[in-house]
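Asks: With the hints as your guide, set chain B onto chain A.
Chains as they are written, first to last, in the UniProt record's numbering: chain A, 1 to 551; chain B, 1 to 551.
One thing to keep in mind: the hints can contain errors.
Identical chains share a label here; the pair holds if one copy fits it or two copies do between them.
[Unchecked claim] Dumping the calculated DSBU-like pairs for lysine-lysine here, alpha-carbon to alpha-carbon at most 30 Å:
| no. | residue 1 | residue 2 |
| --- | --- | --- |
| 1 | Lys121 | Lys176 |
| 2 | Lys176 | Lys17 |
| 3 | Lys44 | Lys176 |
| 4 | Lys53 | Lys241 |
Honestly, the hints are just simulated from the structure, not real lab data.
2 protein chains.
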Amino acid sequence: MTGLFETHRNLLADAMKAIEERGFWSAFSEVPRTYGEVLPVEGKAAFEALLDKPFALDQEADDGRVGGEVSPFGPPLGITYPRTGIDQLIARASAAASGWGQASIQARCGVALEVIARLNKASFLMAHAVEQTTGQAFAMAFQAGGPHAQDRALEAVAYAYREMTGIPRGDVAWDKPAGRNVIRLTKEFHLVPRGIGLVIACATFPTWNSYPAIFADLVTGNPVIVKPHPAVILPLAITVKIARQVLSEAGFDADVIQLAVDTPEAPVAQTLAVHPAIALVDFTGSSEFGGWLRDNVQGKPVFTEETGINTIVIDSTDDFSAMCQNIAFSLSLYSGQMCTTPQDIFVPRGGIETNEGHKSFDEVASGIAAAIDALLADPQRAAAVCGAIQNPATLERVAKASALGRVVRASTPVSGQEGARTATPLVLAVEAADEAAYLKEQFGPISFVVSCENATDAIDRATRAAKAKGGITAALYSRDDALIDAAVGLYAQAGAPLSVNLTGGIYVNQSAAFSDFHVTGANPAGNACLTDTAYVAQRFRVVCVRRPAAA
Amino acid sequence: MTGLFETHRNLLADAMKAIEERGFWSAFSEVPRTYGEVLPVEGKAAFEALLDKPFALDQEADDGRVGGEVSPFGPPLGITYPRTGIDQLIARASAAASGWGQASIQARCGVALEVIARLNKASFLMAHAVEQTTGQAFAMAFQAGGPHAQDRALEAVAYAYREMTGIPRGDVAWDKPAGRNVIRLTKEFHLVPRGIGLVIACATFPTWNSYPAIFADLVTGNPVIVKPHPAVILPLAITVKIARQVLSEAGFDADVIQLAVDTPEAPVAQTLAVHPAIALVDFTGSSEFGGWLRDNVQGKPVFTEETGINTIVIDSTDDFSAMCQNIAFSLSLYSGQMCTTPQDIFVPRGGIETNEGHKSFDEVASGIAAAIDALLADPQRAAAVCGAIQNPATLERVAKASALGRVVRASTPVSGQEGARTATPLVLAVEAADEAAYLKEQFGPISFVVSCENATDAIDRATRAAKAKGGITAALYSRDDALIDAAVGLYAQAGAPLSVNLTGGIYVNQSAAFSDFHVTGANPAGNACLTDTAYVAQRFRVVCVRRPAAA
Numbered sequence: 001m002t003g004l005f006e007t008h009r010n011l012l013a014d015a016m017k018a019i020e021e022r023g024f025w026s027a028f029s030e031v032p033r034t035y036g037e038v039l040p041v042e043g044k045a046a047f048e049a050l051l052d053k054p055f056a057l058d059q060e061a062d063d064g065r066v067g068g069e070v071s072p073f074g075p076p077l078g079i080t081y082p083r084t085g086i087d088q089l090i091a092r093a094s095a096a097a098s099g100w101g102q103a104s105i106q107a108r109c110g111v112a113l114e115v116i117a118r119l120n121k122a123s124f125l126m127a128h129a130v131e132q133t134t135g136q137a138f139a140m141a142f143q144a145g146g147p148h149a150q151d152r153a154l155e156a157v158a159y160a161y162r163e164m165t166g167i168p169r170g171d172v173a174w175d176k177p178a179g180r181n182v183i184r185l186t187k188e189f190h191l192v193p194r195g196i197g198l199v200i201a202c203a204t205f206p207t208w209n210s211y212p213a214i215f216a217d218l219v220t221g222n223p224v225i226v227k228p229h230p231a232v233i234l235p236l237a238i239t240v241k242i243a244r245q246v247l248s249e250a251g252f253d254a255d256v257i258q259l260a261v262d263t264p265e266a267p268v269a270q271t272l273a274v275h276p277a278i279a280l281v282d283f284t285g286s287s288e289f290g291g292w293l294r295d296n297v298q299g300k301p302v303f304t305e306e307t308g309i310n311t312i313v314i315d316s317t318d319d320f321s322a323m324c325q326n327i328a329f330s331l332s333l334y335s336g337q338m339c340t341t342p343q344d345i346f347v348p349r350g351g352i353e354t355n356e357g358h359k360s361f362d363e364v365a366s367g368i369a370a371a372i373d374a375l376l377a378d379p380q381r382a383a384a385v386c387g388a389i390q391n392p393a394t395l396e397r398v399a400k401a402s403a404l405g406r407v408v409r410a411s412t413p414v415s416g417q418e419g420a421r422t423a424t425p426l427v428l429a430v431e432a433a434d435e436a437a438y439l440k441e442q443f444g445p446i447s448f449v450v451s452c453e454n455a456t457d458a459i460d461r462a463t464r465a466a467k468a469k470g471g472i473t474a475a476l477y478s479r480d481d482a483l484i485d486a487a488v489g490l491y492a493q494a495g496a497p498l499s500v501n502l503t504g505g506i507y508v509n510q511s512a513a514f515s516d517f518h519v520t521g522a523n524p525a526g527n528a529c530l531t532d533t534a535y536v537a538q539r540f541r542v543v544c545v546r547r548p549a550a551a
Numbered sequence: 001m002t003g004l005f006e007t008h009r010n011l012l013a014d015a016m017k018a019i020e021e022r023g024f025w026s027a028f029s030e031v032p033r034t035y036g037e038v039l040p041v042e043g044k045a046a047f048e049a050l051l052d053k054p055f056a057l058d059q060e061a062d063d064g065r066v067g068g069e070v071s072p073f074g075p076p077l078g079i080t081y082p083r084t085g086i087d088q089l090i091a092r093a094s095a096a097a098s099g100w101g102q103a104s105i106q107a108r109c110g111v112a113l114e115v116i117a118r119l120n121k122a123s124f125l126m127a128h129a130v131e132q133t134t135g136q137a138f139a140m141a142f143q144a145g146g147p148h149a150q151d152r153a154l155e156a157v158a159y160a161y162r163e164m165t166g167i168p169r170g171d172v173a174w175d176k177p178a179g180r181n182v183i184r185l186t187k188e189f190h191l192v193p194r195g196i197g198l199v200i201a202c203a204t205f206p207t208w209n210s211y212p213a214i215f216a217d218l219v220t221g222n223p224v225i226v227k228p229h230p231a232v233i234l235p236l237a238i239t240v241k242i243a244r245q246v247l248s249e250a251g252f253d254a255d256v257i258q259l260a261v262d263t264p265e266a267p268v269a270q271t272l273a274v275h276p277a278i279a280l281v282d283f284t285g286s287s288e289f290g291g292w293l294r295d296n297v298q299g300k301p302v303f304t305e306e307t308g309i310n311t312i313v314i315d316s317t318d319d320f321s322a323m324c325q326n327i328a329f330s331l332s333l334y335s336g337q338m339c340t341t342p343q344d345i346f347v348p349r350g351g352i353e354t355n356e357g358h359k360s361f362d363e364v365a366s367g368i369a370a371a372i373d374a375l376l377a378d379p380q381r382a383a384a385v386c387g388a389i390q391n392p393a394t395l396e397r398v399a400k401a402s403a404l405g406r407v408v409r410a411s412t413p414v415s416g417q418e419g420a421r422t423a424t425p426l427v428l429a430v431e432a433a434d435e436a437a438y439l440k441e442q443f444g445p446i447s448f449v450v451s452c453e454n455a456t457d458a459i460d461r462a463t464r465a466a467k468a469k470g471g472i473t474a475a476l477y478s479r480d481d482a483l484i485d486a487a488v489g490l491y492a493q494a495g496a497p498l499s500v501n502l503t504g505g506i507y508v509n510q511s512a513a514f515s516d517f518h519v520t521g522a523n524p525a526g527n528a529c530l531t532d533t534a535y536v537a538q539r540f541r542v543v544c545v546r547r548p549a550a551a
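For reference, chain A alone in the conformation it holds in the complex (with noise of 0.2 Å):
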């Protein structure tokens, strides 16, 4: 078991210091084609050998089976998966607790890194599983489902481990000068895991949204019972089932971890989510779910990670043409269906000032239609940027938002893409005063261009659509330094992190693990950052034992 810590050492060592410093690290290369040639083709190989069978999970399973995953960009998937009742979830994971929370820290984190490092092994398979539920193109499900996702994961092993290893293990000597004599007490201090995490994933990002919280229980030394979206299962099965199978190598019970698969008709996340073995809850998706867990969820810790209405300011540019394609590339990559999408771009009424001149508001929002048109102009690249929609129900939301302003530029589906659920992006002008129609989050492709007063009026309001409705990301363009100084503060006190002028291959919606803070916890789009030092300290308890010293 150490032989796995010992196995990965250099790799959490790595880690360790890159959270130190924050600045840009990855463990695990982006990039596919550095995976050599055979693992694309593995990969591709165990995917299709998956569809249209029973899942293979060595998990008891006393409720049938379900699964009725059906591909945005057509076909169901056939898979079924073992069905585990409540009560036998929890038995099962409390019969596994002991064993896990009394192995060493050293002991769990191997497991974990192990587990990490044949997800990465996996991660081709893993891009067309999260491809064919999701709905991302398939270079963007290899990314964030795969190496992106397995970052944050080491980024949660690393901070679990920091926090742990910082509570003096073995005997502590506290030796008390009494007078002239000493009282001698020897003290242990003991790391007690919370209990039993319950882990509810969401269906766009299901890997890169929920490994933190599983690793981070999981090294602690919790029991995690992962509830995968019924929708997106498929990736955490995957997960779990690799991670069950390093734990039973390892000799610990496979039963730390569980997949709890549900169906839309009998929903099981509130009922595990308040059970009194449940000692821990995270959760990623609708902020609808999150208040309802946030009420309702009573003495134990939860994390969530909820929606928000994300902004972009645009006071002035020196590069107006990249500053429109950068926002473009935000606005319909995964046909804006990430938590970090924009969907609010704030722009004086009087216009902009730019590299190109003077540009008024309706030229500024047609700049942005125009640069999005050329960007998908070619179906190919349409296709691999946008991906497909997850959920119907956002093509639905879609089609009504066309008439909550004037159309900058319509939705339309990707061609080539016939038999796929798509939608490009729609972009709608507003006036500030419509904010009925734009401080309400639009999950997917809906954007608006919203005429303000001035850049401070700008600021004021997409800071206070932060702090009211929460906001994962916001975005400014300006090339007024004091100005950006000055908005620095108030995106600071909003709990929004803001990228300043970004132009060229970085975009607002990209969360880099070991470096940005991803929800800051500091305002309604979620109570947890993945990842900080609170999101892992809660989740085991020191308990001191102390007795009179050898004489």
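Replies: Below, chain B without anything else, positioned relative to chain A:
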């Protein structure tokens, strides 16, 4: 402002080392005579000068003056305090928030350390204030109200400082290789305070139990509203006054810390706790109110230290006499009014093996009773150990409790303390089946010697009590190493810190800053720990700003 930080830099460095090692360390002497001849005299005079007068606090009071403190030793204090209405408290804290939140970590820590240093110089004044409000005997009031509380404050500052300075400051380069190019961003990580902190203090240890929260909130940039118990205002009024002076001298708004006095007839804690402007709530006190807070305060961190049932298990001992003396002191100290005082002493019904041969159950019970009698035989020592009873309801509880079992030792007033509200320990013998009596918290000098099947049964009952009702301390006496080793894991699982075979000048009720984690958060006796990383890391958030690196 950084001047204050420089002044106290070494103190903080020592504290940082201490929290890493968690062996014995103390910043402030607990021995009154080390403070010289002058300070005790000045402290006494300063206290007497406060009596029967309006307390001078430079805080705007829009709701008159209140104050009805009566010394448990007899006389009313005759002090009134300015009462500030809730709206005013919130408005002033909000107005003070921005300047304080934007101050540097060093500036805030410098202020906090200077406040702690001045509190140390005021330890004798504080001792009188704590004695005459809580009923603690002077020696304890000095230690627990003064240097020990200051140590706990410093400990919280050290944890918060370590956590905040663990986030990279200044410009962090993020250089991501992208094919033949490199994407270069500069990132800044802004620490953002949560908002206004509310600290609700208790009536028995007003400073020791509230300083960690007050100072953790302050150094992480949050203004604090301190809500003392209406019967024990003075110690925190002095604290707030000193803190406001230091803040003003350092150029900050004194309203960074405010006192919120109330009366039993018009309490403000609930209204403040659920106020949307309050971002952090800390509470020490009853499980009843703690439970109300945990159930009703949504969307913000709530840190509680509540109550529970502390236990002792006696399996066997190598020094029967020293064991009985140790337990007798623990039961008598401050007349059992510590959150750490044992309540239930589990003893095998067949008796125990000792260095004095076999002792029957009754002999163990009467041995403890006799040790209490011996400890309290001298009235002066009895007064110095027991102090007085803070709350009249505790006396009533003691009177009623006599009916809950067979009286092994009756509670009596402390002789020579006429006019004071006093009670020596009541010791009752009960059967294990009498759970209705001993598994209910009986706050005050009330303890039960519980007849159990055997040591295993005793440990089982003790750990189940901690799990079900909460437990802040636990003790075990045994000369069986195998039994101790097995017990350690069980107590750890129950979240109860365990003291084994304590004799001599160290007691289960004592919790040492920089070493003992007080309250584990792992059972119902509270959800927070003084002080661990989780306690401080939730009090601020990190917001990232990223922009293209300057070319």
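Asks: List, from low to high, the hint numbers that the structure doesn't satisfy.
Replies: Of the numbered hints given earlier, the structure breaks none, since each of them holds.
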